[in-house]
Amino acid sequence: MRINKQPPPQTTPRRSDEPIWWSLFSAGGVCVAMLVPAIALLVLLGIPLGLVSAEQLSYQRLHALVFHPLGLGVVLAVIVLPLFHAMHRIHHGLHDLQLAHGRLAKWLCYGSAVLLSSLALSLWLTSG
Amino acid sequence: MLSLAKTITTDVLVVGGGGAGLRSAIAACETNPKLKVTLLSKVYPMRSHTVAAEGGAAAVTQAHDSLQAHFDDTVSGSDWLADQSVVDYFVKHAFDELVQLEHWGCPWSRQPSGDVQVRRFGGMKTERTWFAADKTGFHILHTLFQTSLKYSGIQRLDEYFLLDLLVHEQRCYGVLAIDIASGDLVQIQAASVILATGGAGRLYQFNTNGGIVTGDGMALAYRHGVALRDMEFVQYHPTGLPGSGILITEACRGEGGILLNKDGYRYLQDYGLGPETPPGQPQNKTMELGPRDKLSQAFWHEQQQGRTIQHPQGEVVHLDLRHLGQRYLLERLPFICELAKAYVNVDPVKSPIPIRPAVHYTMGGILTDANCATSIRGLYAVGECASVGLHGANRLGSNSLTELLVFGKVAGREAARLASEPSQPAADSLLSTLTTQALAPLQQLHNSQGSERWQPLRQQLAASMEQGCGIYRSEAGLKETLTCLAQLKQRYQQLRLGDSGKAFNTDLLHALELGFGLDVAEAMCQAALERKESRGAHQRQEPGLTNRNDQDFLRHSLAFYQTRPGARIEWQAVDTSLSPPAERLYGGQRPRGQSSAGQQPTDNPPKESR
Amino acid sequence: MSRKPYQPPMPASWWLKHPAYRFYMLREATVLPLLFFIGSLLYGLYALGQGEASWLQYQAWLQQPWVLALNGLALLASLFHAWTFFVLFPQVMPLRLGSRTLPAWLMVSAQWAGVLLVILALWWLLGGLDAHQ
Amino acid sequence: MPTTEIRLQRYRPEQDNAPHWQDFRVEYDDSTSVLDALEQIKAEQDSSVSYRWSCRMAICGSCGVMVDGVPKLGCKTFLRDYPKGLTLAPLSHFPIEKDLIVDMSRFLAHLSAIKPYLIAEAAPKGKPYRQTPAQLARYKQFSNCINCGLCYSACPQFGLKPDFLGPAAIALAHRYNLDSRDQGKSERMAQLNSDNGVWGCTFVGYCSTVCPKGVDPAAAVNQGKIASTLDGVIQWFKPGKETSK
Ligand SMILES: Cc1cc2nc3c(=O)[nH]c(=O)nc-3n(C[C@H](O)[C@H](O)[C@H](O)COP(=O)(O)OP(=O)(O)OC[C@H]3O[C@@H](n4cnc5c(N)ncnc54)[C@H](O)[C@@H]3O)c2cc1C
Ligand code: SF4
Ligand code: F3S
Ligand code: FES
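The listed protein sequences derive, respectively, from chains H, R, P and U. Under the working numbering, the very last position in the first sequence is 128; numbers go up by exactly one each time. Under the working numbering, the very last position in the second sequence is 738; numbers go up by exactly one each time. Under the working numbering, the very last position in the third sequence is 871; numbers go up by exactly one each time. Under the working numbering, the very last position in the fourth sequence is 1116; numbers go up by exactly one each time.
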């Protein structure tokens, strides 16, 4: 120990709950990297720009596709996980910019991810 | 007025956080876990110069090797000036200490089988040098430092500068130190004190040593009446970078590097080190793997004959590694590749590295017995600052890292043993008298109205040592240097500090280091002057003195401090109980070699070569 | 006591000072367009569930220039994110084969190949559906 | 010899309340390092200028400074690469003691906290452990850290939260955790699992960029996140072992 200078850090620190958020963040990160480019390109830009032909992609077909049982996976992968990904970064960004940290910021960030995810899930369940 | 800011009491005080200091602190703790062990160092332990050692640490490891062989190599390497029972103890404990370090986590390089790998090293007949890539000292030091954190008994005083020892009537009671961060003066009382302050290579202009290697501990013990032994033996390393002196490890040659003069000729064969071995197929104790002193001396002769190469930073020869190939170089010598690129802008894969000899190691040091005890009760010394009797006139590469471990353990154990005995603490009045005495020189520095600065003085000291007390010495040169030292000491009295602050006053510390250095330099020169023969690293130029003279000088020199200029030299018998003196033979001159017929073994290079 | 350590402040603008930090902030900021993208998807999900009329309305909304622009930004952001993410992956999870680590470039290119594959698959799913019916 | 301008950040605790800049002109050639330049300044212009150094060969880790705002080793940075002059300041994020000298004690405290030594039940008697080159290769890189602290100056998370253990300490923990001879991982995880452990990192990654020894602490920290997550999952399935909250 160095006499007269900084004390050593806490000896038995508390286990962080970050592994939960970080796992969701990482899973979301993979989805964003792998899937978002495709969807952004083909659906959100492709449809309005006519890259994907509208007649081939009729309302019924798309409806069947999205509300197919496997579509739940898609909702998870392109909405829920990316939400946690985004809110995780925002949470840390608030800390980085010294705007807010501590419990409130954490509750707000992950809370809104949970809320919006529930919204997505209920939309899918109720409209299926 | 200077006054003490605080007092610390401890059982064992270790001064120095290098390999020797850390090893002894751990040993002290293990000997008696109840003791309070304090480790004081002017730099954080992992900045100590042990960190810079590249090559490796020796211990008999392979089945076909033997303790006797390691003993013989060390004794003949020392030119019979090593104390043989000390060498015997050393070779017997070397392996266990390296294993201990392995058990503490040192990342030694391995064979495919998972066993530790050993490499060749100059002056050793067999491969017995353990290494951790080319950063052996770094890994040893960090392993020791990190392991030391495990012991709650060790308390560290990082960045504390040892100012003086508190000694009265041959008994050491503690030390006086400066807390560098605050500039506060601290008195540390201790039952035993271990000096592990490292060598003194910084006294020379071209050296491989770090800025902290200034001989502080040597000077302090010396001033308090302990003899400095064998100080005339200063090892030049044949391969330092021009300018900075940064070391290019001997392992380069162990791996098969070759030395070339300006004609691209492997000149070592002209200096009794031949016959020439094919490039990339090094042979122990031959050519490039001859001992350091011979190689450095060969350079000196080449330079005299005008066969060295002009480099912007002075005369050099070439160390050629190109034939080893990129892959091998990057695997075995990555740090060397990095150093050469950064400091001389040379890629060893593509071009030969310019090198020149540079002062590397001080064989001599504070006289101790085989238990690392000095003549002052309670004061021990270990590592490069000490002379336990292992290296004699010339240290073999890779023996000193092992020395730090083997004798670090001894010193720690002995110091702990003494500290565990009941003893009479010093009276307060005595301590305060000793403290006042110790503060006087510091007080003088602070009050000085003189006009001298330490930098030019240090510069002159280094130049003069290189000039008069270098690879080859003569009476005239040594006397000139001694005169210069006396003048420098005079001028030192007129020193004036450029920084009057207390916090991190490095100006003050460098001035103090210069003061220490001047005393150590004097001991070196005086001993060199009085050793009228050539042995190991000490080579005299005068006719009649160019050979070893066992009749008169198979003895250790002991330098004693005196207030007037120069040191008082006495002589001490060498322990040669186990192996009688013989010639040091290298290359084809070795009895085992077949090609030595008719060649006169000689320590001197031929006048006419080729 | 002559020690008086000075603790330099860490201004909120610290990240403007060095390109490495700006790069980091840009990477973190990729989630802002991403949030808009997620919002668009949520709206789309809702529209799809409400019937064809509302789906057509949604398509019209998608065609508004500002929506197009933001989703274009989201595409760029996701590509940028993918780039940073793929480079980090071998650092976080070095894959070993025997005693050798797989070279980073191999892992990075494999991931990009994955992205391309997903685009092609989705394109096939959206466009090629007709042929199968 | 050509000369160049050095702007040096000064702070003398006994006189100043905050750092200020001072300009020096130094001579340099092809091999002049920042450390050489500082020596020149101290010898010839102002001997009160203070900085740390020792080995001058990039291995002792003493001489970290900010060169034009980038953490570097003074002895391995050459003036030849800054023909237009340069600025020198003490390492960021650490308290400044004097001129270029910072207080490293927090860094050392963090190093000690992660138990950076081999923890094993019983070593083989009188002989080394066996460790194959492949097992050595797993942790070797992380054992090359010279404790220079450059990565702490590079890491904004350490700047924002000085209790963050930081890249080098975590890399060292990781080094021992990966060592085939070590069994002390569980003891080290307590520190790594905390908010100030691996979770203090947001993968800025700049720590690895500035590391002069190729340690790649960012990789260590982020591999540590996986280890910590797994450790958490295991704890979760082993209730009763960890009671603290
Ligand atoms: C470049 C180089 C390469 C080498 N390679 C090898 C090799 O391959 N094999 C080998 O066997 N040997 C090698 N050596 C030699 C060996 O490394 C050294 O002899 C050995 O490391 C010295 O260790 P030490 O513990 O005695 O001293 P050091 O490591 O020098 O430590 C001295 C300690 O004393 C402290 N100290 C000094 N003065 C004071 C003071 N006034 N107040 C407070 N503290 C003080 C310092 O802070 C430091 O902690 C090499 C040497 C060099 C220079
Ligand atoms: S990880 Fe690199 S930058 Fe950080 S302290 Fe270690 S050597 Fe220095
Ligand atoms: S810079 Fe800091 S945030 Fe993480 S990746 Fe390195 S520790
Ligand atoms: S002086 Fe040792 S790393 Fe620069």
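Treat the hints with caution; some may be incorrect.
One side only, chain P facing chain U, incomplete, derived with CB under 8 Å [claimed, not checked]:
#1 Arg741
#2 Tyr744
#3 Pro746
#4 Lys755
#5 His756
#6 Ala758
#7 Arg760
#8 Tyr784
#9 Ala791
#10 Trp793
#11 Tyr796
#12 Gln797
#13 Trp821
#14 Leu826
Mimicking DSS-like on lysine-lysine, the simulated pairs with C-alpha atoms at most 30 Å apart in a straight line are [said to hold, decoys possible]:
#15 R:Lys164 / U:Lys996
#16 U:Lys1109 / P:Lys755
#17 R:Lys469 / U:Lys1109
#18 R:Lys162 / U:Lys913
#19 U:Lys996 / R:Lys469
#20 R:Lys162 / U:Lys955
#21 R:Lys162 / U:Lys998
#22 U:Lys1011 / R:Lys164
#23 U:Lys1032 / P:Lys755
#24 U:Lys1011 / R:Lys478
#25 R:Lys253 / U:Lys996
#26 R:Lys162 / U:Lys947
#27 U:Lys1084 / P:Lys755
#28 U:Lys1084 / R:Lys478
#29 R:Lys617 / R:Lys607
#30 R:Lys278 / U:Lys1056
#31 R:Lys469 / U:Lys1032
#32 U:Lys913 / R:Lys278
#33 U:Lys913 / P:Lys742
#34 R:Lys278 / U:Lys998
#35 R:Lys478 / U:Lys947
#36 R:Lys278 / U:Lys1084
#37 H:Lys106 / P:Lys755
#38 R:Lys164 / U:Lys955
#39 U:Lys1109 / P:Lys742
#40 U:Lys955 / R:Lys278
None of these hints come from the bench; they were simulated from the model. Positions of the beta carbon are idealized from the N, C-alpha and C atoms, including for glycine.
For each hint, the structure was consulted:
1. For Arg741 (chain P), the interface hint holds, the least distance from its beta-carbon to any beta-carbon of chain U being 6 Å, beneath 8 Å.
2. Taking 8 Å as the C-beta cut-off, the interface hint given for Tyr744 (chain P) holds, the closest approach to chain U being about 4 Å.
3. Interface hint at Pro746 (chain P): satisfied, since its Cβ lies 7 Å from the closest Cβ of chain U, which is below the 8 Å cut-off.
4. A distance limit of 8 Å between C-beta atoms decides the matter here; for Lys755 (chain P) the minimum to chain U is near 7 Å, and the interface restraint holds.
5. Because the closest C-beta pair between His756 (chain P) and chain U is about 6 Å apart, less than 8 Å, the hint holds.
6. Taking 8 Å as the C-beta cut-off, the interface hint given for Ala758 (chain P) holds, the closest approach to chain U being about 4 Å.
7. Violation of the interface hint for Arg760 (chain P) is found here, the shortest Cβ-Cβ separation to chain U being roughly 11 Å, above the 8 Å cut-off.
8. Taken as an interface hint, Tyr784 (chain P) does not check out: its beta carbon lies about 33 Å from the nearest beta carbon of chain U, beyond 8 Å.
9. The closest approach between the C-beta of Ala791 (chain P) and any C-beta of chain U is roughly 45 Å, which is over the 8 Å cut-off, so the hint fails.
10. Checking Trp793 (chain P) against chain U by beta carbon gives a least distance of about 40 Å; that is not within 8 Å, so the hint is violated.
11. Annotation: interface hint on Tyr796 (chain P) violated; nearest CB of chain U at approximately 36 Å, more than 8 Å.
12. Look at Gln797 (chain P): its Cβ only gets to about 38 Å from chain U, farther than 8 Å, so that hint breaks.
13. Evaluation of the Trp821 (chain P) hint against chain U yields a violated restraint, the C-beta minimum of about 13 Å exceeding 8 Å.
14. Interface restraint check: Leu826 (chain P) against chain U, minimum CB-CB distance 6 Å, threshold 8 Å, status holds.
15. A distance of roughly 29 Å separates the Cα atoms of Lys164 (chain R) and Lys996 (chain U); the hinted pair therefore holds under the 30 Å criterion.
16. Restraint check: the Cα-Cα separation between Lys1109 (chain U) and Lys755 (chain P) comes to about 46 Å, which exceeds 30 Å; the hinted pair is violated.
17. A distance of roughly 53 Å separates the Cα atoms of Lys469 (chain R) and Lys1109 (chain U); the hinted pair therefore is violated under the 30 Å criterion.
18. Proposed proximity of Lys162 (chain R) and Lys913 (chain U) is contradicted: the alpha carbons are some 45 Å apart, above 30 Å.
19. A distance of roughly 43 Å separates the Cα atoms of Lys996 (chain U) and Lys469 (chain R); the hinted pair therefore is violated under the 30 Å criterion.
20. Distance restraint check for Lys162 (chain R) and Lys955 (chain U): the Cα-Cα separation of roughly 59 Å exceeds the 30 Å cut-off, and the hinted pair is therefore not satisfied.
21. Taken as a hint, the Lys162 (chain R) and Lys998 (chain U) pair is honoured in the structure, with Cα atoms around 29 Å apart against an allowance of 30 Å.
22. Of the pairs offered as hints, the one joining Lys1011 (chain U) and Lys164 (chain R) is violated, with about 34 Å between alpha carbons and a cut-off of 30 Å exceeded.
23. The straight-line distance between the Cα atoms of Lys1032 (chain U) and Lys755 (chain P) is roughly 18 Å, inside the 30 Å bound, and the hint therefore holds.
24. Of the supplied pair hints, the one linking Lys1011 (chain U) and Lys478 (chain R) holds, its CA atoms being roughly 27 Å apart against a limit of 30 Å.
25. Of the pairs offered as hints, the one joining Lys253 (chain R) and Lys996 (chain U) holds, with about 28 Å between alpha carbons and a cut-off of 30 Å not exceeded.
26. For the suggested pair Lys162 (chain R) and Lys947 (chain U), the alpha carbons sit about 44 Å apart, so the restraint of at most 30 Å is broken.
27. About 24 Å separates the Cα atoms of Lys1084 (chain U) and Lys755 (chain P), which keeps this hinted pair within 30 Å; it holds.
28. Of the pairs offered as hints, the one joining Lys1084 (chain U) and Lys478 (chain R) holds, with about 23 Å between alpha carbons and a cut-off of 30 Å not exceeded.
29. For the hint pairing Lys617 (chain R) with Lys607 (chain R), the CA-to-CA distance comes to about 15 Å; that is within 30 Å, so the pair holds.
30. Restraint check: the Cα-Cα separation between Lys278 (chain R) and Lys1056 (chain U) comes to about 15 Å, which is no more than 30 Å; the hinted pair holds.
31. This hinted pair does not check out: Lys469 (chain R) and Lys1032 (chain U) have alpha carbons roughly 37 Å apart, beyond 30 Å.
32. Between Lys913 (chain U) and Lys278 (chain R), the direct Cα distance comes to roughly 39 Å. Violation of the 30 Å bound is thereby established for this hinted pair.
33. Of the supplied pair hints, the one linking Lys913 (chain U) and Lys742 (chain P) holds, its CA atoms being roughly 22 Å apart against a limit of 30 Å.
34. Of the pairs offered as hints, the one joining Lys278 (chain R) and Lys998 (chain U) holds, with about 22 Å between alpha carbons and a cut-off of 30 Å not exceeded.
35. With a C-alpha separation of about 21 Å, the suggested pair Lys478 (chain R) and Lys947 (chain U) falls inside the 30 Å cut-off, and the hint holds.
36. At roughly 26 Å between alpha-carbon atoms, Lys278 (chain R) and Lys1084 (chain U) fall within 30 Å of each other, so this suggested pair holds.
37. With a CA separation close to 27 Å, the supplied pair Lys106 (chain H) and Lys755 (chain P) stays within the 30 Å bound.
38. Distance hint between Lys164 (chain R) and Lys955 (chain U) is unfulfilled; the C-alpha atoms sit about 53 Å from each other, more than 30 Å.
39. For the given pair, Lys1109 (chain U) sits about 49 Å from Lys742 (chain P) by alpha-carbon distance, which is inconsistent with the 30 Å threshold.
40. Of the supplied pair hints, the one linking Lys955 (chain U) and Lys278 (chain R) is violated, its CA atoms being roughly 48 Å apart against a limit of 30 Å.
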